[in-house]
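K.L.:
Listed below, chain by chain, are the residues.
2 protein chains.
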Amino acid sequence: MSQPPRLQGLLAPVVTPFQSDMAPDAGRFVRHCRWLLDSGCAGLAIFGTNSEANSLSAAEKIALMDRLVAEGIPGDRLMPGTGACSVPEAVQMTSAALKVGAAGVLMLPPFFYKGVPDEGLFRYYSQVIEGVGDAALRVYLYHIPPVSQVPISLPLIERLVKAYPDTVVGLKDSSGDWNYSKSVIEGFAATGFDVFPASETLLLRGLRAGGKGCITATGNINPGPISRLYDNWQGPDAEALQHQVARTRELVQKYSMIPALKAIIAHFSQDPAWRPVRPPLVELPADQENELLRQLTEQGFDMPGIRGAAA
Amino acid sequence: MSQPPRLQGLLAPVVTPFQSDMAPDAGRFVRHCRWLLDSGCAGLAIFGTNSEANSLSAAEKIALMDRLVAEGIPGDRLMPGTGACSVPEAVQMTSAALKVGAAGVLMLPPFFYKGVPDEGLFRYYSQVIEGVGDAALRVYLYHIPPVSQVPISLPLIERLVKAYPDTVVGLKDSSGDWNYSKSVIEGFAATGFDVFPASETLLLRGLRAGGKGCITATGNINPGPISRLYDNWQGPDAEALQHQVARTRELVQKYSMIPALKAIIAHFSQDPAWRPVRPPLVELPADQENELLRQLTEQGFDMPGIRGAAA
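Sequence lines, in order, name chains A and B. The C-terminal residue of the first sequence carries number 1597 in this note's numbering, and the numbering is unbroken. The C-terminal residue of the second sequence carries number 1597 in this note's numbering, and the numbering is unbroken.
It is possible that part of the hints are untrue.
As the list claims (entries may be wrong) - 20 angstroms max Cα-Cα, derived EDC-like pairs, lysine to aspartate or glutamate:
#1 B:1400 - A:1569
#2 A:1400 - B:1569
#3 B:1385 - B:1405
The set of hints was computed from the structure by calculation and includes no laboratory data.
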């Protein structure tokens, strides 16, 4: 199969709702995905860190993905997270993503062992790519050292791009370290390697340097303004739009991100069923939630169209 | 079902051999397990850190475990690692371990998110225990902060023991921090909570304080002398035996542990098929392997009965 068009712009690492029995809530998930696309997201990075992906089994993730596509979400708007600690499980998830026509996959390195050599990480990506064995595959490397504790070094990127130039085509940078994003863009963007910082606070800076958008947690709640900044990044209002979205982001990231996003969706959609998280995460304490919502409201924050869409 | 007898003494976190196509090598695995039991191991902590457990899929692990039991290894000598990042996957592996009559399971906390609250870890263990729902279950908590980066705090142990007194019955301490082992023993051993340091260098000290043995990587290669120390810990030779096993351990742990263990087994069993490791690990470089084997031989180290047993 040939590769679908590349995703660029705002991608949301979609939060995963749970039913009262803690099973994934496919209905709410599909409705939230639809709202995100309707609100300006170019793509859906389902099964990322903010999706509690590693707290879901492979079977649960595959069922959610199949349901999305069955309900009309285009497969080529998806960039599912498919990395795992084991090669066979990463191959299984990646193959499932290709089956629904995903535009690409966002692939964590194996994250149990720490201090592993680049040679071992190269073998992992190589064995997954060759195990999947499909020319339609497009891999985005997932650099998130604050969580995975396993960084993706520049020499590793270079080696992977050289070995798999049509397959290893980008990276999400969740390091929060602009110098890293910049080095990757400077080193590889010219040859068609797409870099996505993990926060809209770096969106304008990233685009000006040669990045391709952002894959950001707060894309789940603020897709309109963030995609407006992406669409107008060369326009006269870019700095003002950047300032506005950064203000919201900076407020939300003072709290534990995943429960905070779910509390915000629950509040603005008037649907408390959005709040639960799976272990080892816990919901925001009520006082924190109240303070967060109070400050958001004070900023004039809103989620247009979310009522009924998310519920 | 009722609980099998508790395991005490030396447990080996069994290394997992791979075929040339990198699939698990069930034949060599069974033979190595048999050699370990014949050489003094009280139990087999299959699917631990040293087993590359997280580099195996659940299906691969369950197939290996079923094969062990089918080939006559008693289920009640097993303490399989069953912890996972997701509750459903931990429930699946734990249920499979109970199905073969395992004496207990060694359970990692979910290890993707870092800095998670004890409340979230309590919910994880609680949901796994209740999801399995079997009175035969015996859980040993797995404290390995250098790798998992998610420690098991004393208040968490206390809460779990109080909530599940017949189920949460012990802990493996891979912190390398004797003060932690000592605190857990002092806090909980009196009520039947079994603590196993993760190195034979702490075996005598642990037993004297009230620990129950050790679950140690080098149990894979040196089970005879380590179990001799366990059997004679109150005898006149205890200090000399402790000194001897510590000398071997200290040599081996200068190298990357898992590839070093496999190189040692390959050498002493004259079976080079033992060497491969899965990504993200890599084999020992030849110069390191040669130096390690030279120094072991100089110490008079041997693996009696391994030829033919491991091959």
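K.L.:
Can the restraint linking residue 1400 of chain A and residue 1569 of chain B be considered satisfied, given a maximum Cα separation of 20 angstroms?
P.N.:
This hinted pair holds, its Cα atoms lying about 16 angstroms apart.
K.L.:
For the pair supplied as a hint, residue 1385 of chain B and residue 1405 of chain B, is the alpha-carbon distance within the 20 angstroms limit?
P.N.:
violated (29 angstroms)
K.L.:
Do the alpha carbons of residue 1400 of chain B and residue 1569 of chain A lie within 20 angstroms of each other, as the hint requires?
P.N.:
holds (16 angstroms)
The structure shown violates just one earlier hint, number 3.
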